[in-house]
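Asks: This is what each chain is made of:
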Amino acid sequence: MSPSLNALFINGSYLLASVLFILALKWMSAPITARRGVAAGVAGMAAAIGGTLIQPDVEYYRPILIAMVAGTAVGLPLSMVALTAVPQRTALSHAFGALAAALVGSAKYYLHHDTLDAVTMTAIIFEVLLGSLTFTGSLMACGKLMEIIPTRPITYRNQNVINLGLLTLAVVIGIVLIINPSLWWLFPVMLLLGLIFGVLLIIPIGGADMPTVISLLNSYAGLAAVAMGFVLDNKVLIIAGALDGSSGFILSVIMCKAMNRSFTNVLFGAFGQIQTAAAATEQKAYRSASPEEAASILEAARSVVIVPGYGMAVAQAQHKVRELHDALTKKGVDVKFAIHPVAGRMPGHMNVLLAEADIPYDKLVEMDDINPEMPQTDVALIIGANDVTNPSARHDKSSPIFGMPIIDVDKAHSVMVIKRSMNPGFAGIDNELYYLDKTMMLFGDAKGFVADIVKELAHGGH
Amino acid sequence: MNPLAAETATTSSMVSNLYVFLLATFIGLEVIRRVSPLLHTPLMSLTNAISAIAVVGAISIAGMGPGHGDRFSMWLGAIAVFASMTNIVSGYLITDRMLKMFKKREGGRP
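Residue numbers (our numbering), protein chains in the order written: chain A, 1 to 462; chain B, 463 to 572.
Don't take every hint at face value.
Stated by the list, open to error - Simulated pairs of lysine to aspartate or glutamate, DMTMM-like, Cα-Cα distance not exceeding 20 Å: (1) B/K565 to A/E323; (2) B/K566 to A/D326; (3) B/K566 to A/D369; (4) A/K363 to A/E323; (5) A/K411 to A/D437; (6) A/K331 to A/E299; (7) A/K363 to A/E299; (8) B/K562 to A/D362; (9) B/K565 to A/E356; (10) B/K566 to A/D334; (11) A/K331 to A/E293; (12) A/K257 to B/E492; (13) B/K566 to A/E356; (14) A/K397 to A/D410; (15) B/K565 to A/D326; (16) B/K562 to A/E356; (17) B/K566 to A/E366; (18) B/K566 to A/E323; (19) B/K565 to A/D334; (20) B/K562 to A/D358; (21) A/K26 to B/E492; (22) B/K566 to A/D362; (23) A/K26 to B/D558; (24) B/K565 to A/D362; (25) A/K455 to A/D326; (26) B/K565 to A/D358; (27) B/K565 to A/E366; (28) A/K438 to A/E373; (29) A/K363 to A/D378; (30) A/K336 to A/D362; (31) B/K566 to A/D358; (32) A/K336 to A/D326.
Derived by calculation from the structure, the hints in this document are not laboratory data.
All values derive from a computational prediction rather than experimental measurement.
Isolated chain B, as found in the complex:
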């Protein structure tokens, strides 16, 4: 591919990514507006765990073979995998732990 065509290709994928970003933000605002304030703390830990999807990018850097990456980039990627994995594990577990505590009254008046 000549450089100009490559440039056009990145620009067009950038534009479609912008669409995805705007639509996802719109969905996010609408969905999160409906979350009860009761659950705002678990909400934040859940969204935090979800955004640890960055692990996907980190894996692709850490696992690069020779010819693509080197030792230094592998280290950067591996630390990023570590940081994201910490968020995934602690984020989901603590969210679930908190949500388990929210109980309606057992017995008595409704």
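So here's chain A without its partners, still in its complex pose:
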């Protein structure tokens, strides 16, 4: 192939890939077209890889092939994890993406450090710093989600000062390198500082904040890819990275709003640390009920809204909940699911968990859409959720979750809560919902209790 034709092919493949990537995200807007989006993404990726392989400066194919085969061998099992493990897989993939950026930036510096101009050098510093801190940060997030690292915030004295000091030092070294790229020994120092900062950034963040953290790391990984695009002067990289970065940004904003927190508060607040607040343990009266009673009330209802939380997934109760949905629907009860944005461990997680249990997606209703319907709802059934149903978030200024948007279950005619015991949950905040006159506590394991209700419904139905 002549050089100009070759260049035409390469640029054409990158342009095609860019268009396909944008279309892929556009088609993600609705479930009907979403799978077409995946196909467009795959096609775009294939085009870009094909275009790169015919580049004249790519001379050795062996290392590329071996690496691709190895990557596929690791990627295949990672795509088959249980859906409860999707958040940790996602965190791990942010780590891989960031690692690639950090490595490519480092290689670029290593090969050309005596000829790099300030502009390219700035892009390399961005790429390597963002890549290294996102790499270790995402590994830490993954470890917290897998619970091999303590999920509670780990704090020490002057934490924020030390962390910011480290980051500042790394940035200063970066600036020195931009001014004088030949100080090669400073480069590994900066890389190391980036890696350490990534670890320190995530350890003070509690498990409950992981949805925000994953989204934020997603954004960083995207920006690292953008920086790589600037270093290599490659526009498809810039476009794909910008799409990834903006997606992560939007999701982080949504997650922050859903918890009424700011970015700074998530990153530096060490939330979930003060768990001793549950001092006011005066005995308040509550009502409990048996599966039989629960079944007869549900059966008599016209409309039921089920509010699932991550506790439902922990108890592996999704399939039993689906059976409950089927049994009630068959009896003419209108059943819907109310999904709080932070109901799972990453954005949209609860929807995926319920979809896996074959619950039709048109029954999954977002918080903002279900809340206006709550006053006309006969029964709100809460399974494995706590804080997102706590009315004190609306009125109690002293509550740690004050201002957090909640699902207004207390406005339903009656409320049922499936819970192991009266112990306050993960965040250690007592829920006044449990002491309302209209609330019935259903004590037991979520899976077992729902199964009992389903059994009762089957018997009563004949």
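With the hints as your guide, set chain B onto chain A.
Replies: Okay, now just chain B, sitting in the frame of chain A:
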């Protein structure tokens, strides 16, 4: 090319790259705002797979011939190809796997 001209060339390509970045971010924000919250998890795994386009840069480092790269840079590039390829394969496959689960009710009321 004299050093000054080279400097000017990188600066002008940097400026056009900045335009591309800003426009792509704008498109990204507009397009992603329209994605239903129902699909936020598959969205994140899809964008993640897409940003594994970094494989393109990794390939160009790993496959450099002698005179451009050496053994060390080849290793850095190859590990980067491996990391990106892992994301491409697992990202697209798991996105599709999740999306297949989203079904409207079969039969019954619409």
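Asks: Are B/K566 and A/D362 close enough, with their CA atoms no more than 20 Å apart?
Replies: Holds, at roughly 6 Å.
Asks: Taken at face value, is the distance from the CA of A/D362 to the CA of A/K336 at most 20 Å?
Replies: holds (9 Å)
Asks: Between A/K331 and A/E293, does the CA-CA distance stay at or below 20 Å?
Replies: holds (17 Å)
Asks: Just to be careful, I want the Cα atoms of A/K363 and A/E323 compared with a cutoff of 20 Å; is the pair within it?
Replies: Distance ~14 Å between A/K363 and A/E323 Cα, so the pair holds.
Asks: Does the structure keep B/K565 and A/D326 at a Cα separation of 20 Å or less?
Replies: holds (15 Å)
Asks: Given the hinted pair B/K566 and A/E366, is their Cα-Cα distance within 20 Å?
Replies: holds (16 Å)
Asks: Run the distance test for B/K565 versus A/D334: straight-line Cα separation, threshold 20 Å.
Replies: Holds - the C-alpha atoms of A/D334 and B/K565 are around 18 Å apart, at most 20 Å.
Asks: Quick one, are A/K336 and A/D326 close enough, alpha carbons at most 20 Å?
Replies: With a Cα-Cα distance of about 11 Å, the restraint between A/K336 and A/D326 holds, given a limit of 20 Å.
Asks: Given the hinted pair B/K562 and A/E356, is their alpha-carbon gap at most 20 Å?
Replies: holds (9 Å)
Asks: For a C-alpha distance cap of 20 Å, please report whether A/K257 and B/E492 respect it.
Replies: holds (19 Å)
Asks: Are the Cα atoms of A/K26 and B/E492 separated by 20 Å or less?
Replies: holds (9 Å)
Asks: Take the C-alpha atoms of B/K565 and A/E366, compute the straight-line distance between them, and say whether it is at most 20 Å.
Replies: Holds - the C-alpha atoms of A/E366 and B/K565 are around 17 Å apart, at most 20 Å.
Checked against the numbered hints given earlier, the structure satisfies every one of them.
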